[in-house]
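Guided by the hints, dock chain B onto chain A, whose structure is given.
Letter by letter, the chains look like this.
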Amino acid sequence: MSLNASLQSRFRQALLDPETAVPPEVTSWNGSDPAQRFAVYRNNVTVSLIEALGATFPTVKAMVGEDFFRDMARVYLRAHPPSSPMMVRFGESFPDFLAGFAPVATLAYLPDLARLEAARRRAFHAADAASLSPEDFASLDPAALPGLVVTLHPSLQVFSARHAAVSLWAAHQGQGALEAVDPHVPEEALILRPIYEVDIVPLPLGGASFFDDLRAGYPLGEAATRLAPEAAAHLPLLINTLVQSGVTISYAIQKDTGP
Amino acid sequence: MTVPRHLSSFGAEGFGAGRFPPELPARAGIGFKPQHFDELIAQAHRIGFIEVHAENYMGDGGLPLARLSALRERFPLSLHGVGLSIGGEAPLNEEHLARLARLVERFAPQSFSEHLAWSTHDDAYLNDLLPVAYDAPTLARVVEHVDRVQSRLKRQMLLENPSTYVAFRQSSYDEIDFIREVARRSGCGLLLDVNNVMVSATNHGRNPFQYIKDFPVELVKEIHLGGYAEAQDSLGARLLIDAHDSAVAEDVWPLYRATLARTGPVATLIEWDNDVPDFAVLATEAARAEAEMRAIASGAAA
Numbered sequence: 001m002s003l004n005a006s007l008q009s010r011f012r013q014a015l016l017d018p019e020t021a022v023p024p025e026v027t028s029w030n031g032s033d034p035a036q037r038f039a040v041y042r043n044n045v046t047v048s049l050i051e052a053l054g055a056t057f058p059t060v061k062a063m064v065g066e067d068f069f070r071d072m073a074r075v076y077l078r079a080h081p082p083s084s085p086m087m088v089r090f091g092e093s094f095p096d097f098l099a100g101f102a103p104v105a106t107l108a109y110l111p112d113l114a115r116l117e118a119a120r121r122r123a124f125h126a127a128d129a130a131s132l133s134p135e136d137f138a139s140l141d142p143a144a145l146p147g148l149v150v151t152l153h154p155s156l157q158v159f160s161a162r163h164a165a166v167s168l169w170a171a172h173q174g175q176g177a178l179e180a181v182d183p184h185v186p187e188e189a190l191i192l193r194p195i196y197e198v199d200i201v202p203l204p205l206g207g208a209s210f211f212d213d214l215r216a217g218y219p220l221g222e223a224a225t226r227l228a229p230e231a232a233a234h235l236p237l238l239i240n241t242l243v244q245s246g247v248t249i250s251y252a253i254q255k256d257t258g259p
Numbered sequence: 001m002t003v004p005r006h007l008s009s010f011g012a013e014g015f016g017a018g019r020f021p022p023e024l025p026a027r028a029g030i031g032f033k034p035q036h037f038d039e040l041i042a043q044a045h046r047i048g049f050i051e052v053h054a055e056n057y058m059g060d061g062g063l064p065l066a067r068l069s070a071l072r073e074r075f076p077l078s079l080h081g082v083g084l085s086i087g088g089e090a091p092l093n094e095e096h097l098a099r100l101a102r103l104v105e106r107f108a109p110q111s112f113s114e115h116l117a118w119s120t121h122d123d124a125y126l127n128d129l130l131p132v133a134y135d136a137p138t139l140a141r142v143v144e145h146v147d148r149v150q151s152r153l154k155r156q157m158l159l160e161n162p163s164t165y166v167a168f169r170q171s172s173y174d175e176i177d178f179i180r181e182v183a184r185r186s187g188c189g190l191l192l193d194v195n196n197v198m199v200s201a202t203n204h205g206r207n208p209f210q211y212i213k214d215f216p217v218e219l220v221k222e223i224h225l226g227g228y229a230e231a232q233d234s235l236g237a238r239l240l241i242d243a244h245d246s247a248v249a250e251d252v253w254p255l256y257r258a259t260l261a262r263t264g265p266v267a268t269l270i271e272w273d274n275d276v277p278d279f280a281v282l283a284t285e286a287a288r289a290e291a292e293m294r295a296i297a298s299g300a301a302a
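Residue numbers (our numbering), protein chains in the order written: chain A, 1 to 259; chain B, 1 to 302.
Isolated chain A, as found in the complex (with noise of 0.2 angstroms):
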């Protein structure tokens, strides 16, 4: 760092790296150690900011264990300190890391399940919109369906996973065993909160495109046609999670539902 740094510049430094030196102008009133004094500053930050981490990613937290993880976290915040004081948005480029992060490198399905949990919390905080119930499809005309074109609800997370995530949260929740669950299996599911509380909805694979076809517009018919061969024999359920899970907040009729 350079000696024309500002104090901030310097203090800032010295915070985030145990091994930069206090800047010089730190003192104290009766000649004590003003290093040790700074030691507070560098402890409240570190620790702060490690318990923000393990609050939006306690799955990830309890896989690697608590003493594991605040080490991690030490490395991650230094290399990636928040960027706003919008601390809900602390740890996005988390799992990232850890996708790059050696000593986790065996366990492959962990950036995955930290996504999940990302997700969970962008979903959490999300905008709110009233979601439609079943009932408010039952005046469609069958024939109109592939017509139909959604707004989807924007808590919405479309969530798709080279591994178990979902599986893997829900058995940290107490649903199924954990043991039970192969984590190299690719997953998806839809992450929103129609309400207060975020719902995971597992999908079957396939079902995240559809989905992000029809948030990107496209009538149910040609949705439909775009899904993968092994993903058209759900359509029905793929439909039925489209009218009963609350992940739409309106729909319109298109007339034209030619290409």
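Among the hints, a few may not be true.
Partner residues aside, some chain A positions facing chain B, computed with beta carbon under 10 angstroms [as the list claims (entries may be wrong)]:
{"id": "1", "residue": "ALA21"}
{"id": "2", "residue": "PRO23"}
{"id": "3", "residue": "TRP29"}
{"id": "4", "residue": "ALA35"}
{"id": "5", "residue": "ASN44"}
{"id": "6", "residue": "MET86"}
{"id": "7", "residue": "MET87"}
{"id": "8", "residue": "LEU235"}
No lab work stands behind these hints, which were simulated from the structure alone.
Backbone N, C-alpha and C define an ideal beta-carbon position, used for all residues, glycine too.
For chain B alone, coordinates are given in the frame of chain A:
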């Protein structure tokens, strides 16, 4: 979840505006914690106002904002910022200020306050209230930032005295003179954190009662009380940590009493942010602060 569905339809509000006076009442309030929501609603009479950290309510929707809407119907509100970095070397984060302005507009709080501290530098937000040097360049910058906040929010803000663990060689102002000068130039009000007075006075070898005696109490519109933790510096001197993780320390109550003797009864917050206790414990602390206020009021009348 404990918020009924209909609460999500609460919009903005200006609510409370007719029901509560525009300033915080001379009562004790508590920092709102989500786990206390139900009891707080059921025992609203025990609590004079609530305070929340603005940054926890800057999401787009969901439970936190719905709860705050419901609470706003029942309590005067103190909105307390922790992320503006008013003491920072860089200009204020205008995006953050805009988020704050939206919150102020929606919830019409009785008070908005922030800290004499910095937390952001070179685009890193450090999630702590860091100390500033009390010198002329810092003073000019803090005044400029307070000005900007007040003109953006179109209201007076309260500036809080900090708890600090180190001092700076270049400081040329006494902390109280620095704060008084910021208030004089910017027109801001002051939030006097009495626990911070105990922490900083102890950490810098000063007499906390003298601090209260010298403080410009006529500008104080809110008081904070909280618990500190205790350590030692390298010479074995007491080093108090502003931990907000315990009851108000017994030696802070006499300091509060000395403060009230100068200010008269004034809105007083019990701050307890870590190892948060049951609601009943907070309500008891609040009642103790109100008893101190009543004693001062009756003493003054006698």
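field: Interface hint outcome for MET86/A [beta carbon to chain B under 10 angstroms]
entry: holds, 6 angstroms
- prompt: Against chain B, with CB atoms and a cut of 10 angstroms, does the hint on PRO23/A hold up?
  reply: holds, 9 angstroms
Agreement of hint LEU235/A with chain B interface, Cβ distance less than 10 angstroms: violated, 31 angstroms
Interface hint compliance - ASN44/A to chain B, C-beta minimum distance less than 10 angstroms: holds, 4 angstroms
field: When the least beta-carbon distance from ALA21/A to chain B is tested against 10 angstroms, hint result
entry: Violated, about 14 angstroms.
- request: For the hint on ALA35/A, just tell me whether its beta-carbon gets within less than 10 angstroms of chain B.
  value: Result: holds, 8 angstroms to nearest chain B Cβ.
task: Closer than 10 angstroms between Cβ atoms is the bar; does MET87/A clear it against chain B? Give me holds or violated.
output: holds, 6 angstroms
field: Given hint TRP29/A near chain B, where the shortest CB pair must fall under 10 angstroms
entry: Hint on TRP29/A: holds, closest Cβ of chain B at ~4 angstroms, below 10 angstroms.
When the structure is compared with the earlier hints, violations turn up for hints 1, 8 and for no others.
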